[in-house]
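Residue-level listing of the chains:
2 protein chains.
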Amino acid sequence: MSVTAPQGFRASGVRAGIRAHGERPDVALVVNDGPQQVAAGVFTRNQVKAAPVLWSQQVLVEQNLRAVVLNAGGANACTGPDGFGDTHRTAEKVADVLGCGAIEVAVCSTGLIGERLPLDHLLKGVEAAAGDLADGEDAGTRAATAVLTTDTVDKQSAVSRHGWTVGGFAKGAGMMAPSLATMLVVVTTDAVVDATIADAALRAATAQTFDRLDIDGSMSTNDTVLLLASGASGVEADADAFTEVVTEVCAELAQGLQADAEGVTKRIAVTVTGARDDHDALVAARTVARDSLVKTALFGSDPNWGRIAASVGASEATVEPETLSVTVNGVLLCEAAAAVGDRHRADLSGPEITVEVGLGLGDGRATVLTTDLSHAYVEENSAYSS
Amino acid sequence: MSVTAPQGFRASGVRAGIRAHGERPDVALVVNDGPQQVAAGVFTRNQVKAAPVLWSQQVLVEQNLRAVVLNAGGANACTGPDGFGDTHRTAEKVADVLGCGAIEVAVCSTGLIGERLPLDHLLKGVEAAAGDLADGEDAGTRAATAVLTTDTVDKQSAVSRHGWTVGGFAKGAGMMAPSLATMLVVVTTDAVVDATIADAALRAATAQTFDRLDIDGSMSTNDTVLLLASGASGVEADADAFTEVVTEVCAELAQGLQADAEGVTKRIAVTVTGARDDHDALVAARTVARDSLVKTALFGSDPNWGRIAASVGASEATVEPETLSVTVNGVLLCEAAAAVGDRHRADLSGPEITVEVGLGLGDGRATVLTTDLSHAYVEENSAYSS
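Taken in order, these protein sequences are the chains called L and V.
Note that our numbering has the first sequence beginning at 1424, numbered continuously upward.
Note that our numbering has the second sequence beginning at 1424, numbered continuously upward.
Where hints are given, some of them may not hold.
Remember, identical chains collapse to one label, so a pair may be satisfied in a single copy or spanning two.
Stated by the list, open to error - For lysine to any residue, the following SDA-like pairs were computed, each having C-alpha atoms within a straight-line distance of at most 20 angstroms: (1) LYS1547 - GLN1481; (2) LYS1547 - GLN1480; (3) LYS1689 - GLY1773; (4) LYS1689 - GLU1802; (5) LYS1689 - GLU1803; (6) LYS1547 - ALA1623; (7) LYS1689 - THR1575; (8) LYS1547 - ASP1519; (9) LYS1689 - GLY1753; (10) LYS1547 - ARG1788; (11) LYS1689 - HIS1798; (12) LYS1547 - THR1777; (13) LYS1547 - PRO1744; (14) LYS1547 - GLU1775; (15) LYS1547 - ARG1699; (16) LYS1689 - GLU1775; (17) LYS1689 - ASP1505; (18) LYS1689 - ASP1561.
To be clear, the hints were calculated from the coordinates, so they are not data collected in a lab.
Please read all numbers here as calculations on a predicted model, not as lab measurements.
All chains should be built: construct the whole structure from the sequences, respecting the hints.
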């Protein structure tokens, strides 16, 4: 159930004093001991990218990683050339203690935007983390825990199949949107794969999972999803099977992110079917998933299908009222854009809500996961600087 | 200060019992007594349009209106052919009591989506409203008040210049977005204008005012802005001067809508300058204005420029970190996408906040008005079915 589930990986999580308050760990290290060091990465599409993203994108060009170092307590975003220098020195420190090149080290950061990291603390933390590296589940959990911010639980997953294993952890609780969002994910595997297969699998998995999780429509400067392959199982993975398992692990991590999102009281899956094509379905589903009026209604357990119909109608997707239907928690409430019986037949009192929008125009289909818009979301995001 | 400020107009607002609870009026009538009956209209771009929008769009093809009837207590949206029939019968009833054709009567509705209107109450309300028609400010205020839903105050405006007057009222408190949103606006004038000038002036004014007010990114099924011109002043209006005054009235009404938006504790103006072009500026400003993390930070009086920079970077507008600056309430907090001093120099404790984003790439400029995302917004929209 962690990044250390596959063979060939060690991990650690320590407290370096980067977080201003409390006793929580804040530096994590994940090391690939090989024999292979294949790697792939997917990053935020935000035009304002944090220093660690700029760095990691650069080193990933080689598709080869020995280690990933992660910190909470500061995003190192909007920190200028000095901030980039801090990331570079962090990678060099990791390279130094592990005996590899800095170009083999990816860096991930999360926390407040716009402030420099306390580099001395971070570099000491890297030393401590290197000294604490271990295999086994506990070590993976320590790493997964060290990168949490407003998250309330660690998010981990692992699947073994076909003679190899894929494991991973994820961090992220708000600001999650189309292109990931203060979401840091490390996925590891001991399957034997080349860089092309690893890259394709990670992109396909991300597109189907993290990219379809939309908590608040915001997109972070720091989102990073990394895949490290050690080849330690000695078993070559079929490309399709590998994509399938990586997608499975990413899907479980995405569900964990949804369940632990800031202020969540309802977990909502918005599915659009019958769209002109899959792209239109995704556009429509995302529009509904982001709609503040829909999200507040669902927070109030109100099956307000009218707001859902209005939202989908306002999307860029093609919608014909004559063939528009809305089903909430399995109860058809709207057909041909008009009411079907009393909407209160749909009971939304539980924590899981499914919204199905039928467009009746084609075969396009997509699901987006989101959460409700609650008092707790407002509280957490107005009181916490991140 | 109302739709009855220009000569040639009468108005009324009565209680017809369409609202389920309370004693508030819910039917309004605005009548143009001429000598001209020139009219123009702008409607929601939502693909799911309410019956009164479909009706009014149709009658506006003639660019000629004798009257507008408006109701609160039900949107008559997503009500199918029967709902359209209800709108048609309402217009016929108005035509009947005024002695004109139904094709000269626009209809506006606001309230819950998906439920039929109590037509008998509405038709009796039309009779009562016709009997109550009067000129003078009180009559205009009665009409402006009858269409309020979660609004807390009526929104009215009037400007007299060049020998003619433009007046208007607006209704809308949430669900206001790029293309208007459960926003009903009636603007009247006694200037002598032809339909071409009226239409051009209304479109220009709407694009600069209501279209740049974005409370929650949601777009209603019912948004309607109507302009009725009586020509009763006998003074022909210059096209540019007319556009200017209509824009002035619409701007005041839009500010009223912003100030009375659901759950508002801060009135926020987001201005983007230095964009590649005006369109890019508008896209960037709208993205920031809709960002839940920005809006909750401002609710908490936190000058969190990092979230603003992240938001603009995530927009479809072209952004270069090297030339990106953020100024909040006149204090430069970020330059070249990096901090300039302590962000708490910007005091956001007051109810007005200006956010200025400089992109440093060109001459494009746009301002979007919005509000914060508060506990009260969540409360109002989770407890109230609309």
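Verification of the supplied hints:
Taking identical chains as interchangeable, the C-alpha atoms of LYS1547 and GLN1481 are never at most 20 angstroms apart, the minima being 25 angstroms within one chain and 72 angstroms between chains. When the C-alpha separation of LYS1547 and GLN1480 is checked against a cutoff of 20 angstroms, the pair qualifies neither within a copy, at 25 angstroms, nor between copies, at 69 angstroms. Taking CA atoms no more than 20 angstroms apart as the test, LYS1689 paired with GLY1773 passes inside one copy only; the shortest distance there is 8 angstroms, against 34 angstroms between copies. Taking CA atoms no more than 20 angstroms apart as the test, LYS1689 paired with GLU1802 passes in both settings, with 16 angstroms inside one copy and 16 angstroms between copies.
For a Cα distance limit of 20 angstroms, the shortest separation of LYS1689 from GLU1803 qualifies both inside one copy, at 16 angstroms, and across copies, at 18 angstroms. Taking the shortest Cα distances, LYS1547 and ALA1623 never come within 20 angstroms of each other, neither inside one copy (36 angstroms) nor across copies (66 angstroms). In this assembly of identical chains, LYS1689 and THR1575 lie within 20 angstroms of each other by CA distance solely inside one copy; the values are 16 angstroms within and 30 angstroms between copies. For the homomeric pair LYS1547 and ASP1519, the shortest alpha-carbon distance inside one copy (12 angstroms) is at most 20 angstroms, but the shortest distance between copies (85 angstroms) is not.
With identical chains, the CA atoms of LYS1689 and GLY1753 are at most 20 angstroms apart within one copy only, with a shortest distance of 16 angstroms there and 39 angstroms across copies. Within a single copy, LYS1547 and ARG1788 get their C-alpha atoms no closer than 50 angstroms, and across copies no closer than 47 angstroms, so neither meets the 20 angstroms cut-off. Taking the closest pair of Cα atoms, LYS1689 and HIS1798 come within 20 angstroms of each other both inside a single copy (12 angstroms) and across two copies (17 angstroms). Taking the shortest alpha-carbon separations for LYS1547 and THR1777, neither the intra-copy value of 47 angstroms nor the inter-copy value of 41 angstroms comes in at or below 20 angstroms.
In the homo-oligomer, the alpha carbons of LYS1547 and PRO1744 never lie at most 20 angstroms apart, since the shortest distance is 61 angstroms inside one protomer and 30 angstroms across protomers. In this assembly of identical chains, LYS1547 and GLU1775 lie within 20 angstroms of each other by CA distance neither inside one copy nor across copies; the values are 44 angstroms within and 44 angstroms between. Taking the shortest alpha-carbon separations for LYS1547 and ARG1699, neither the intra-copy value of 55 angstroms nor the inter-copy value of 44 angstroms comes in at or below 20 angstroms. Taking CA atoms no more than 20 angstroms apart as the test, LYS1689 paired with GLU1775 passes inside one copy only; the shortest distance there is 6 angstroms, against 33 angstroms between copies.
Neither within a single protomer nor between protomers do LYS1689 and ASP1505 lie at most 20 angstroms apart by alpha-carbon distance, with minima of 42 angstroms and 35 angstroms respectively. In this assembly of identical chains, the alpha carbons of LYS1689 and ASP1561 never lie at most 20 angstroms apart, being 30 angstroms within a copy and 47 angstroms across copies at closest.
Violated hints, listed in ascending order, are 1, 2, 6, 10, 12, 13, 14, 15, 17, 18; each of the other numbered hints is respected by the structure.
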